[in-house]
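Novice: These are the residues of each chain, in order.
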Amino acid sequence: MSSHAWILLGLFLSILLLTVKPMGTYIAYVMEGHFSLGGRIERPLYRLCGIRQDEEMGWLNYAFAILLFNGLGVLAVYALQRLQLWLPLNPQAFANVSPDSAFNTAISFVSNTNWQGYSGEATMSYLTQMLGLAVQNFLSAATGIVVVIALIRGFARHSAKTVGNAWVDLTRVTLYVLLPISIIYAVFLTSQGVIQNFAAYKEVTTLEVTKYDNPKNGPDGQPLKDEKGNAVTEPAETSTQTLAMGPVASQEAIKMIGTNGGGFFNANSAHPYENPTPLTNFIQMLSIFLIPAALCFTFGRMVGDTRQGWAVLAAMTLIFVVLAGAAMHFEQQANPLLTQLGVDPLAGNMEGKETRFGIADSGLFAAVTTAASCGAVNSMHDSFTPLGGMIPLVLMQLGEVVFGGTGTGLYGMLVFAIMAVFISGLMIGRTPEYLGKKIETYEMKMTSIAILVTPLLVLLGTAIAVMTEAGRAGILNPGPHSFSEILYAFTSAANNNGSAFAGLSANTPFYNTMLGIAMWFGRFGVIVPVLAMAGSLAAKKRIAVGAGTLPTHGPLFVTLLIGVVLLVGLLNYVPALALGPVIEHLLLFAAH
Amino acid sequence: MKTLLRPALSLFVLLSIVTGLVYPLLVTGIAKLVFPEAADGSLIVSNGQAVGSRLIGQNFTDPGYFWGRPSATSPQPYNASASSGSNLGPLNPALSDAVRGRIDALKAADPDNTRPARHIPADLVNASASGLDPHISLTAADYQLRRVAKARRLEPSAVQALVDKHTEGRQWYVFGEPRVNVLELNIELDSLQ
Numbered sequence: 001m002s003s004h005a006w007i008l009l010g011l012f013l014s015i016l017l018l019t020v021k022p023m024g025t026y027i028a029y030v031m032e033g034h035f036s037l038g039g040r041i042e043r044p045l046y047r048l049c050g051i052r053q054d055e056e057m058g059w060l061n062y063a064f065a066i067l068l069f070n071g072l073g074v075l076a077v078y079a080l081q082r083l084q085l086w087l088p089l090n091p092q093a094f095a096n097v098s099p100d101s102a103f104n105t106a107i108s109f110v111s112n113t114n115w116q117g118y119s120g121e122a123t124m125s126y127l128t129q130m131l132g133l134a135v136q137n138f139l140s141a142a143t144g145i146v147v148v149i150a151l152i153r154g155f156a157r158h159s160a161k162t163v164g165n166a167w168v169d170l171t172r173v174t175l176y177v178l179l180p181i182s183i184i185y186a187v188f189l190t191s192q193g194v195i196q197n198f199a200a201y202k203e204v205t206t207l208e209v210t211k212y213d214n215p216k217n218g219p220d221g222q223p224l225k226d227e228k229g230n231a232v233t234e235p236a237e238t239s240t241q242t243l244a245m246g247p248v249a250s251q252e253a254i255k256m257i258g259t260n261g262g263g264f265f266n267a268n269s270a271h272p273y274e275n276p277t278p279l280t281n282f283i284q285m286l287s288i289f290l291i292p293a294a295l296c297f298t299f300g301r302m303v304g305d306t307r308q309g310w311a312v313l314a315a316m317t318l319i320f321v322v323l324a325g326a327a328m329h330f331e332q333q334a335n336p337l338l339t340q341l342g343v344d345p346l347a348g349n350m351e352g353k354e355t356r357f358g359i360a361d362s363g364l365f366a367a368v369t370t371a372a373s374c375g376a377v378n379s380m381h382d383s384f385t386p387l388g389g390m391i392p393l394v395l396m397q398l399g400e401v402v403f404g405g406t407g408t409g410l411y412g413m414l415v416f417a418i419m420a421v422f423i424s425g426l427m428i429g430r431t432p433e434y435l436g437k438k439i440e441t442y443e444m445k446m447t448s449i450a451i452l453v454t455p456l457l458v459l460l461g462t463a464i465a466v467m468t469e470a471g472r473a474g475i476l477n478p479g480p481h482s483f484s485e486i487l488y489a490f491t492s493a494a495n496n497n498g499s500a501f502a503g504l505s506a507n508t509p510f511y512n513t514m515l516g517i518a519m520w521f522g523r524f525g526v527i528v529p530v531l532a533m534a535g536s537l538a539a540k541k542r543i544a545v546g547a548g549t550l551p552t553h554g555p556l557f558v559t560l561l562i563g564v565v566l567l568v569g570l571l572n573y574v575p576a577l578a579l580g581p582v583i584e585h586l587l588l589f590a591a592h
Numbered sequence: 001m002k003t004l005l006r007p008a009l010s011l012f013v014l015l016s017i018v019t020g021l022v023y024p025l026l027v028t029g030i031a032k033l034v035f036p037e038a039a040d041g042s043l044i045v046s047n048g049q050a051v052g053s054r055l056i057g058q059n060f061t062d063p064g065y066f067w068g069r070p071s072a073t074s075p076q077p078y079n080a081s082a083s084s085g086s087n088l089g090p091l092n093p094a095l096s097d098a099v100r101g102r103i104d105a106l107k108a109a110d111p112d113n114t115r116p117a118r119h120i121p122a123d124l125v126n127a128s129a130s131g132l133d134p135h136i137s138l139t140a141a142d143y144q145l146r147r148v149a150k151a152r153r154l155e156p157s158a159v160q161a162l163v164d165k166h167t168e169g170r171q172w173y174v175f176g177e178p179r180v181n182v183l184e185l186n187i188e189l190d191s192l193q
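First to last, the sequence lines map onto chains H and F. All residue numbers for the first sequence refer to UniProt numbering, where the first residue is 1 and numbers rise by one. All residue numbers for the second sequence refer to UniProt numbering, where the first residue is 1 and numbers rise by one.
No lab work stands behind these hints: they were computed from the structure. The C-beta atom is built at its ideal place from N, Cα and C for all residues, glycine as well. A couple of the hints might just be wrong.
Claimed, not checked - Label pairs and their computed distance ranges (CB to CB): (1) H:G38 <-> F:G169: 42 to 52 angstroms; (2) F:D142 <-> H:A93: 42 to 52 angstroms; (3) H:E227 <-> F:Q160: 45 to 55 angstroms.
Claimed, not checked - Listed below are the simulated DSSO-like cross-link pairs for lysine-lysine, each with C-alpha atoms no more than 27 angstroms apart in a straight line: (4) H:K211 <-> F:K150; (5) F:K107 <-> H:K211; (6) H:K161 <-> H:K438; (7) H:K202 <-> F:K32; (8) H:K228 <-> H:K216.
Claimed, not checked - Which bits of chain F does chain H cover? Going by a derived footprint, with three or more residues having C-beta under 8 angstroms, they are: (9) 4 to 17; (10) 47 to 55; (11) 153 to 166.
Using the sequences provided together with the hints, build the complete structure.
Specialist: Here it is, written out as structure tokens:
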């Protein structure tokens, strides 16, 4: 790693840590209902919706409310895509999206995954983008946050039957946390060059005439192929360039704040209209971690011991620093095959990277976006060096708990914390307890489900895809990389990340369906057991700290927690990683 | 379950209106008021005609222009309504073939280039992530400088002065990489003649 990369990483973490306390305090303040303006805004709204503000819910009702609310989201996003041709704000007259792609995208945005099988600027109308996709950017982020708040209440309360009111929680986090930050952030983005308009795509006259091979279509509209299966082309030329437009800044802001990651454009945060300057790039990275990091402090504050929150944050940060450093280091390595051809090796692996970001800002972005379950990309992960591309894979496979998504990261990490006290309880032969709550059979069952559901989805999905013709058909790159592409797709979907080894052609009925299923169960297959645990913990009595209690705020516990995350989270995937990136690395560097 | 339905539906509709309509319209209003040029795409207008965007690169193959990053968009390079990278993996023979082709094109356009082996700038032969990258590195500009000066019958120092003018350093000294805006540089080169 260059000294510039170290400075960048240091600066990034320093600024992030400075935001943790104020932001975390604010979220706690809002979620505890202390926001004083709130009454005037909320009361009429609740009356209109038939919500009784003071009536709290048990965990089961809370879970039903969340599922219902998200189910409505799926229907709305699906309908908007299927009807967009007949709806307003579609200046390019984009056709209605196919049923399988619309299904996939609806689940993708509702589950905070934001996996994109489609290409934004060639598929989605402005209305679909803002009223369908961007709305879910807000609401899926809010869903994650309220679930972790419910879990925190489970720890903070004792002998209680309820964990909060889902409607009130969703409203507060959307209106007072996500929305105000997004407005300021979006305006900042336009100041740097991110576009925000409703104009039709603009045609400009280019300096030079571009000559290219245009693929020929047959009478059925499908691309023609010759006997060898290569596309038939005809020479063509153009002296214009069509610039895609749209309300990008407003969507971009919540895309990062809500760890969603679904790009307005196909190239996502690599597109100069989404991420025009190195400064926007830095702020985008910070804004991905802003809420996941702050929630650790919110957690500490709400359970009455801020040290507990700092300990969790310390574990996340330590894992992150090592892996982020590794990503930047591996991308600084040149591809030996290209060095042989005469390419300057000092510049590092520039395939699929933007000049304004270079290696350090691209490597760090890749680590941030996959440590958090964001999935926005400013460089093409598919073209990373084998080990550089393994870092994003590993960060997702840890279960998206290294900062993770808004809310999801913290509840994932707390599930691992429960696992950690359970294992240490076994070692010393005492009943495990965490934050004054006894961890018993029921909690361990829920913990096991929450931890095991994603590896199951990832490995089964990958296995099915590599065994079927439909799964193998989507592969772009040959060799072990083809396996990595499929493994990455299912890892990203089941862990609700959304980034891709984008060479994989995933906009097919097979992948749209398989990944849709993985995203839905990867999301709600964890949320439901977490809420069940919240309910069970809230009902427990608080026990006093005794001589046998493991302190969960010191370096010993942080070490233990990191150990459990690495061991439990990663061990499932070692064979799969060996088959993909590890073999590829050996082939690339050992053979050349 | 039934008691949940009405709150779910009405809250969903209300929050959709706020975050899906009011919010983007509000941001559009503010952006158009405060940063109208950026909100519309940072267009470069010459003689009343839009010739491109400061932020979006264009395809250049003429020896008299500085060339930008290779672009993997389809069907034509620098297709600004279909952004995309190549997504080629490091071991894919298609990547080596593409890079070899670009090196050959660079050498064919500039047979007198006396740079030693292993000094072809990486960003000049590797496709960008968006396919629309408006910038090249300083080394990539330097590599092409004599070719452009020769094709245009200009003094290298005059071209160098223009390159310097369109060079940006790291933003705030730490963010990103130093770079040259290719389209702006080429527009200015054209205006010299």
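Novice: Decide, hint by hint, whether the structure agrees.
Specialist: Structure-based check of all given hints:
1. H:G38 <-> F:G169: 42 to 52 angstroms: Because 46 angstroms falls inside the window, the suggested range holds.
2. F:D142 <-> H:A93: 42 to 52 angstroms: Holds - the Cβ-Cβ distance for D142 (chain F) and A93 (chain H), about 45 angstroms, lies within 42 to 52 angstroms.
3. H:E227 <-> F:Q160: 45 to 55 angstroms: Cβ of E227 (chain H) to Cβ of Q160 (chain F): about 52 angstroms, so the range 45 to 55 angstroms holds.
4. H:K211 <-> F:K150: 24 angstroms, holds
5. F:K107 <-> H:K211: 20 angstroms, holds
6. H:K161 <-> H:K438: 17 angstroms, holds
7. H:K202 <-> F:K32: 17 angstroms, holds
8. H:K228 <-> H:K216: 15 angstroms, holds
9. 4 to 17: holds (count 12)
10. 47 to 55: The restraint on the segment 47 to 55 of chain F holds, since 7 of its residues have a Cβ under 8 angstroms from chain H and three suffice.
11. 153 to 166: violated (count 0)
Of the numbered hints listed earlier, the single one contradicted by the structure is hint 11.
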